[in-house]
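Participant: The listed protein sequences correspond, in order, to chains A and B.
Under our numbering, the first residue of the first sequence is numbered 1, with each subsequent residue one higher.
Under our numbering, the first residue of the second sequence is numbered 1, with each subsequent residue one higher.
These are calculated hints, taken from the structure and not from any lab test.
Given the structure is predicted, the values throughout are model-derived calculations rather than measurements.
Check the hints yourself; a few may be wrong.
Said to hold, decoys possible - These stretches of chain B come out as covered by chain A in the derived footprint (C-beta under 8 angstroms, 3 or more residues):
#, stretch
1, 13-25
2, 103-113
3, 139-153
4, 277-290
5, 337-351
6, 376-386
7, 391-399
Said to hold, decoys possible - Residues from chain B that keep clear of chain A, each with C-beta distances beyond 10 angstroms, as calculated:
#, residue
8, Ala62
9, Leu100
10, Asp125
11, Tyr207
12, Pro215
13, Asp233
14, Gln247
15, Ile293
Every residue, glycine too, gets a C-beta built ideally from N, C-alpha and C.
There are 2 protein chains.
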Amino acid sequence: MSIREDAANMKSVAPYLAASDIEQRNKALELIMDAIKDNSDKIFTANNIDMGEAMKGGVPSAVLKRLKFDEGKLKSVLDGIDMLISLPDPVGRVTLHRQLDEGLELTRVSCPIGVIGVIFEARPDAMIQIATLCIKSGNCAILKGGKETTQTNRVIFSLIKEAVGKVGLPEDCLYQATSHSEIDELLDCYGDVDLIIPRGSNAFVQYIMNNTRIPVMGHADGICHIYVDKAADFDMAIKVITDAKIQYTAACNAVETLLVHKDIAGEFLPVLYKAMNEAGVTLKGDFATRGLIPVEAVGEEGYVEYLDLIASVKVVDSLHAAVEHINRFGSHHTDSIITEDTEAADAFQQLVDSAGVYHNCSTRFADGFRYGFGAEVGISTSKLHARGPVGLEGLVTYKYRLKGQGHIVDDYATGVKSFHFKDI
Amino acid sequence: MSIREDAANMKSVAPYLAASDIEQRNKALELIMDAIKDNSDKIFTANNIDMGEAMKGGVPSAVLKRLKFDEGKLKSVLDGIDMLISLPDPVGRVTLHRQLDEGLELTRVSCPIGVIGVIFEARPDAMIQIATLCIKSGNCAILKGGKETTQTNRVIFSLIKEAVGKVGLPEDCLYQATSHSEIDELLDCYGDVDLIIPRGSNAFVQYIMNNTRIPVMGHADGICHIYVDKAADFDMAIKVITDAKIQYTAACNAVETLLVHKDIAGEFLPVLYKAMNEAGVTLKGDFATRGLIPVEAVGEEGYVEYLDLIASVKVVDSLHAAVEHINRFGSHHTDSIITEDTEAADAFQQLVDSAGVYHNCSTRFADGFRYGFGAEVGISTSKLHARGPVGLEGLVTYKYRLKGQGHIVDDYATGVKSFHFKDI
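Bound-form chain A, shown alone (with noise of 0.2 angstroms):
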């Protein structure tokens, strides 16, 4: 079967599973967990081969470090579904309740999207993280991991795909793309697919948001600022930052761009500066910061993102000419302001129009896992629909119900009946 036709079956299903009960979802996450536990040798057997299929490739280290599935990232996975089943049904909350008028009643409900197909990085635990979400918030997944992780993840996705089975959720309501090629057949199932995320690099997502009709959510930059104020602790800014920039350089909460408030750049960017280079990260600075310290300018492509051991610094006037920054080269992703003064703190948190505005910590705590969330299926830049972290509830959308006894529009349009909102 191509994708197309599972993709249309599964509009099909989609309402079915949506109408499950939670018991049966949660039911379904346990199986997964015992079947994971149960048959860890057969998946580490399987990781193995890809492992070395990729040292043979010459993939690059970080790239292993991910592909790697051990006892570690099992315990962990693990854990994340403990924690996914003692979460409330994302499904079937009621959000309004308001009578209309005698007899007429209205009501939202909160429901699942329908079809998702998420496209991820070759990450053994992301492919159990996003199943195991979508089966909790009762949607259909098409699900497309990296290449590197074939073996593991065609192990995984038959013990999930069973386990779903046997509580009796419709099977097919999940989908194992394999091939490179199916991802273009993906982005044509407009109409039955309803949402699709893309994790990886800016370009990669670029080139989905260009190439489908299918709504995307997710994020392409993640250029995140760290504002030093003039009221700053030094010996925190220092440790924010040096967190935010070298505890995972390559992921998209990691900061980018340094601003500094002029009054302190004098004392605190050669602070920095020593912090940095014994941190092994490399400094870009803008006119005003070359002034200070010795580094080499912010390259002709303006403040980017790096995912590197480099950042870049600039000297700002005031804290509503970092925000001004901030709004205007920033991608809306995470941004932190490191002040004692709380009047700042709160104007900065409150003018940022970004997914994630911090004070005083490191921008890396943009995690679905860190909030709380359990997994996250994505991190949103959009300001549509689910914004940072998206867990449970980024999965669901709502309908209105409407419960009538026979009511008809014209009554109200001729005054012959008037509407009494009442709130229930």
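Take the given structure of chain A and dock chain B to it, following the hints.
Facilitator: Quick look at chain B alone, frame taken from chain A:
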């Protein structure tokens, strides 16, 4: 100034409008009410000029009816603003408040989307409704009304803009586009404009969707269904179908396709045929329908949106077949079941994948005013963000605020600290 420059300016202004307090925004709405009341003669005079031009130009009578601004419409927009003022502030609502660990606190707060472009039909009341919804929700707006309303909208817009300035909100938060060429300029403002809401014909909305990278909210089609179940009350079915078809044929929530259960088709279709004949509605039918009543076949184009005194009729084998037809060929707008069987109603409302799923009432109720939202900026058939009639809630997004005391991720990655999620 071009729209491009205005939009760029609005992007800078938007965070400050978002930070304004609700008293100020409500005060602006009060001043707008007063200004419209006090200057109604000026508005009526301008409207007379527009009406004269439109009549000279041979504009269809349905459009003329929408274009006309009279005492009745004046009263209803004033009532609408009054209701809007009474609604709670959609901005600044805390929808999640969680301690992640000692001293590390996450808050999710609702905030305006930012800069919204709305392109709408030639209705002076639409200009007022949309502008006031945007002000109440703290959004900057670029407004483009139908060209037939040029004179009326010019007067109304200047009154609104003056009121906004009087209360100290940034005057640049509203812009009126007046020429058709500005629509393409607006579509080009990706990065500055956060959302476009087009209202109008299917072809127009499709054009907007296909010609911008800015997210678009709205609907192109409105193919609404009424399913007459085997347990339907025939009188009620006729009454509801008549209302849904003829009360306002040009509306997106008018019914276009009638699905009839096979067990009652022989008895019901002749009754329907007679009633529709009397109401001036032409029916078209599938093969089974044509065996029971003397109607033409449904055209080759299938079950389409007529926006006219025409409806398609199809006989279905079961409720599930009705659901399958609606999910496959509908536009996920609004669909209704007529039945005395509550189990059948529940199943229908659960399984139909539309923004509105109704029981024993007319599809014409799908409307922001009728839902008690005060007004609407449009109706969304998308599953993402807002679905159904879009009022204040659909005009806000949210951001995550995180407050720490120098917290870094490395402490959690290395096990020095661990998360203790606690909702506050």
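Participant: Leu100(B): least C-beta distance to chain A exceeds 10 angstroms?
Facilitator: Given that some Cβ of chain A is not farther than 10 angstroms from that of Leu100(B), nearest at about 7 angstroms, it is violated.
Participant: Is it the case that Ala62(B) keeps its Cβ farther than 10 angstroms from each residue Cβ in chain A?
Facilitator: holds, 16 angstroms
Participant: Count the residues of the stretch 13-25 of chain B with a beta-carbon closer than 8 angstroms to any beta-carbon of chain A: does the count reach three?
Facilitator: Contact hint for the stretch 13-25 of chain B vs chain A: holds, 5 residues under 8 angstroms.
Participant: Taking the shortest Cβ-to-Cβ distance between Pro215(B) and chain A, state whether it exceeds 10 angstroms.
Facilitator: violated, 5 angstroms
Participant: May I ask you to check that Asp233(B) keeps its beta-carbon over 10 angstroms from the closest beta-carbon of chain A?
Facilitator: violated, 7 angstroms
Participant: Between the stretch 139-153 of chain B and chain A, see if three or more residues pass the 8 angstroms beta-carbon test, and mark the coverage as holds or violated.
Facilitator: violated (count 0)
Participant: Could you check that no beta carbon of chain A comes within 10 angstroms of the beta carbon of Ile293(B)?
Facilitator: holds, 23 angstroms
Participant: Determine whether the non-interface label on Asp125(B) survives the test: each CB of chain A must be over 10 angstroms from its CB.
Facilitator: Asp125(B) clear of chain A: closest Cβ-Cβ about 15 angstroms, beyond 10 angstroms.
Participant: For Gln247(B), which was marked as not at the interface, is the minimum beta-carbon distance to chain A over 10 angstroms?
Facilitator: violated, 5 angstroms
Participant: A cut-off of 10 angstroms on Cβ-Cβ distance, and Tyr207(B) was said to be off the interface with chain A. Does that hold?
Facilitator: It holds; Tyr207(B) is separated from chain A by about 14 angstroms at its closest Cβ, greater than 10 angstroms.
Participant: Within the stretch 337-351 of chain B, is the number of residues with a Cβ closer than 8 angstroms to a Cβ of chain A three or more?
Facilitator: Held - the stretch 337-351 of chain B has 4 residues with a Cβ nearer than 8 angstroms to chain A, which meets the minimum of three.
Participant: Examine the stretch 376-386 of chain B: at least three residues should have C-beta closer than 8 angstroms to a C-beta of chain A.
Facilitator: holds (count 4)
The structure does not agree with the numbered hints 3, 4, 9, 12, 13, 14 stated previously, though it agrees with the rest.
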